[in-house]
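Asker: Here are the chains, one letter per residue:
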Amino acid sequence: MKILVAVKRVIDYNVQVRVKEDGSGVVTENVKMSTNPPDDNAIEESVKIKESGKAKEVVAVTVGEEKAQETVRKALAVGADRGIHVKTEGIVEPLAVSKILQKIVEKEKPDLVFMGKQAIDDDCNQTGQMLAALLKWPQATFASKIEVKEKSLEVTREVDEGLETIETNIPAIVTCDLRLNEPRYASLPNIMKAKKKSLEQINASDLGVDIKPRIEQIKVEEPPKRKSGIKVKSVEELVQKLKNEAKVI
Amino acid sequence: MSVLLIAEHNNKEVRPFTLNAITAASQIDQDLHVLVIGNKAEGVSKSISEVPNVKKVIHIDNEIYENYLPENFTPAIIKQAESYTHIVCSANTFGKNLMPRVAALLDTSQISDIIKVISPDTFLRPIYAGNAFATVKSTDNKKCVTIRPTSFDPAPTTGGSAEIIKADAAEEFLLTKFIKREEVKSDRPELGTARIVISGGRGMQSGENFKLITAIADKLNAAIGASRAAVDAGYITNDHQVGQTGKVVVPDLYIAVGISGAIQHLAGMKESKVIVAINKDGEAPIFSVADYGLEADLFEALPKFLEELNKLNTIQK
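Protein chains in written order, with this note's numbering: chain Z, 1 to 249; chain A, 1 to 317.
No lab work stands behind these hints: they were computed from the structure. Please note that the accuracy of each hint is not assured.
Claimed, not checked - Pair by pair, the computed Cβ-Cβ distance ranges are: (1) Glu50(A) - Asn30(Z): 51 to 59 Å; (2) Gly159(A) - Glu216(Z): 34 to 42 Å; (3) Ile179(A) - Asn203(Z): 41 to 49 Å; (4) Glu63(A) - Glu221(Z): 45 to 53 Å; (5) Asn30(Z) - Glu163(A): 53 to 61 Å; (6) Pro52(A) - Pro224(Z): 24 to 32 Å; (7) Ala233(A) - Lys54(Z): 23 to 31 Å; (8) Gly160(A) - Asn244(Z): 39 to 47 Å; (9) Gly207(A) - Arg226(Z): 27 to 35 Å; (10) Tyr185(Z) - Pro52(A): 55 to 63 Å; (11) Glu208(A) - Glu89(Z): 49 to 57 Å; (12) Glu208(A) - Glu216(Z): 48 to 56 Å; (13) Glu89(Z) - Glu13(A): 44 to 52 Å.
Stated by the list, open to error - Derived pair list, reagent style DSBU-like, types lysine-lysine, alpha-carbon separation capped at 30 Å: (14) Lys196(Z) - Lys107(Z); (15) Lys137(A) - Lys20(Z); (16) Lys273(A) - Lys219(Z); (17) Lys212(Z) - Lys137(A); (18) Lys87(Z) - Lys137(A); (19) Lys219(A) - Lys241(Z).
The structure displayed is predicted, hence computed values, not measured ones. C-beta: ideal position from N, C-alpha, C; glycine also.
Can you make the complete structure from the sequences, with help from the hints?
Answerer: Here it is in structure tokens:
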């Protein structure tokens with residue numbers, strides 16, 4: 001079995017994002033970038049499946065500008081076998097990413113495709129479902145538990161009401177929740193070894209898909225600020241304020 | 001222009017967020033039709049036909065739709081999509097799972113999780129966990145949009161009498177099988193729609209200690225929430241998680257207990273009308289969004305809080 005795992009480079013989850021003054025976006029210069037957190041879970045799960053003997057190869061793929069390949073290198077450092085970087089410039093919407101990934105899937109013919117359920121930058125939560133649609137494959141989204149059987153997957157999904165379990169045929173797309181596993185850290189020797197692993201670069205323009213943005217970003221602004229609150233000294237004061245000032249109890 | 005909204009339901013009742021989505025959809029265009037796909041779900045279509053903003057209900061009934069699988073729902077939606085300019089649904093786990101599958105087949109770049117309708121093609125949506133708001137305009141002919149339910153009021157449920165028409169099922173997708181759903185049953189208000197939410201974080205130290213939260217929730221008729229840290233630690237089940245990748249809540253009163261206030265948690269609750277933070281670390285970021293902050297040990301504060309609430313003779317329910 002072969003697993004393709006898709007990863008995205010995003011502003012690190014600990015960074016307090018700042019909006020640019022001209023309203024054109026958020027500040028990304030000199031800001032710490034990392035792998036999108038649930039994509040780390042996707043890598044971890046792929047590597048675990050390989051370690052269990054159920055998969056032979058894990059291929060990590062990313063779509064983005066030159067530096068996006070850092071996320072592929074990181075995947076290689078924690079156990080992916082080789083990498084693919086599809087080079088793009090500017091904003092690439094989830095629909096375009098899924099079209100690019102479709103081409104990669106057609107070339108690589110993986111049995112499973114893993115990725116995070118949502119990217120923490122645009123918060124779209126679309127790419128996995130779109131890729132599944134384009135390939136006419138089953139989709140197991142928001143996975144918090146995955147059992148790989150011979151020709152199928154049993155996936156527990158986190159949904160609003162609690163947990164849902166579905167079974168899908170293989171091939172399938174799985175989007176991973178943060179609770180799926182505990183991603184490992186790359187050791188220094190493995191980071192060094194990862195530098196020797198193959199990382200193929202492909203220009204998106206060579207794939208013959210239309211990736212022009214369809215959504216015009218008119219402006220990006222700061223959300224309205226909450227007016228600053230007060231500290232109360234005691235529980236009694238808190239309850240009085242809630243009762244008489246805020247009038248919510 | 002006309003809008004097709006995909007209803008979420010359990011074959012018996014409409015799920016409440018569908019009503020919030022109806023409000024948003026009718027702001028896009030008045031010609032709003034609702035698609036109900038289900039098994040023996042006539043009652044659902046009937047009740048949606050009574051929502052005043054709804055002009056028509058399209059009902060597709062077949063046993064293959066007993067359980068909601070996007071692989072099965074999508075072909076049925078695509079068959080209807082041709083006559084509409086907008087396909088919309090709520091941005092909860094139902095709509096998040098479903099809509100991108102529809103959008104990709106319509107070759108449309110979806111706009112997720114809108115919080116405001118600016119015009120029929122332009123919407124406001126939060127990005128970066130709500131740390132920025134983007135105004136975005138769709139240039140696709142057909143638009144696929146998901147709606148953050150808590151940003152719109154629920155539509156009224158009586159007074160309308162829309163026509164209900166039946167439509168045919170699509171072919172079944174045989175590669176995905178529903179196995180089971182484990183729903184957590186509770187008599188409490190739903191987290192997404194509760195007037196008051198009280199949430200616990202890592203500071204609760206154990207699942208057992210959540211009983212301190214439960215006691216106050218009972219008193220205030222509140223829903224119980226949690227930070228991701230508390231869910232990860234196994235103190236409470238995932239359906240309680242509030243945050244960027246959990247649920248977004250906008251109650252009148254949100255009480256955060258033992259929650260430090262990571263960016264991803266704030267994303268799920270900072271639009272609440274009144275926020276209370278109880279935390280022993282006075283520097284915790286949660287205080288930056290709190291209207292009322294109490295720097296205290298929660299194990300002393302919570303029992304005292306309950307005691308004070310018990311002294312009040314009137315509590316709004």
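Asker: Compare the structure with each hint and give your call.
Answerer: Taking the hints in turn, this is what the structure says about them:
1. Checked against the hint of 51 to 59 Å, the pair Glu50(A) and Asn30(Z) passes, with Cβ atoms roughly 56 Å apart.
2. A hinted range of 34 to 42 Å holds for the C-beta pair Gly159(A) and Glu216(Z), which are about 38 Å apart.
3. One distance hint, 41 to 49 Å for the beta-carbon pair Ile179(A) and Asn203(Z), holds here, with the actual separation near 42 Å.
4. One distance hint, 45 to 53 Å for the beta-carbon pair Glu63(A) and Glu221(Z), holds here, with the actual separation near 48 Å.
5. For the pair Asn30(Z) and Glu163(A), the beta carbons lie near 59 Å from each other, so the given range of 53 to 61 Å is met.
6. A C-beta distance of roughly 31 Å is found between Pro52(A) and Pro224(Z), which places it inside the suggested range of 24 to 32 Å.
7. A beta carbon spacing of about 29 Å between Ala233(A) and Lys54(Z) agrees with the range 23 to 31 Å that was offered as a hint.
8. Gly160(A) and Asn244(Z) have their C-beta atoms about 40 Å apart, which keeps the hinted 39 to 47 Å range intact.
9. Evaluation of the 27 to 35 Å hint for Gly207(A) and Arg226(Z) yields a pass: the beta carbon distance comes to about 31 Å.
10. About 56 Å separates the C-beta atoms of Tyr185(Z) and Pro52(A), a value consistent with the hinted range of 55 to 63 Å.
11. For the pair Glu208(A) and Glu89(Z), the supplied restraint of 49 to 57 Å holds, since their beta-carbon distance comes to about 53 Å.
12. Checked against the hint of 48 to 56 Å, the pair Glu208(A) and Glu216(Z) passes, with Cβ atoms roughly 52 Å apart.
13. Look at Glu89(Z) against Glu13(A): about 48 Å separates their beta carbons, and that is inside 44 to 52 Å.
14. The straight-line distance between the Cα atoms of Lys196(Z) and Lys107(Z) is roughly 23 Å, inside the 30 Å bound, and the hint therefore holds.
15. Only pairs whose Cα atoms come within 30 Å are accepted, and Lys137(A) paired with Lys20(Z) is accepted, the gap being roughly 19 Å.
16. The hinted pair formed by Lys273(A) and Lys219(Z) meets the criterion: a straight-line CA distance of about 26 Å does not exceed 30 Å.
17. For the hint pairing Lys212(Z) with Lys137(A), the CA-to-CA distance comes to about 14 Å; that is within 30 Å, so the pair holds.
18. Distance hint between Lys87(Z) and Lys137(A) is fulfilled; the C-alpha atoms sit about 26 Å from each other, no more than 30 Å.
19. For the hint pairing Lys219(A) with Lys241(Z), the CA-to-CA distance comes to about 18 Å; that is within 30 Å, so the pair holds.
Checked against the numbered hints listed earlier, the structure breaks none of them; every hint is satisfied.
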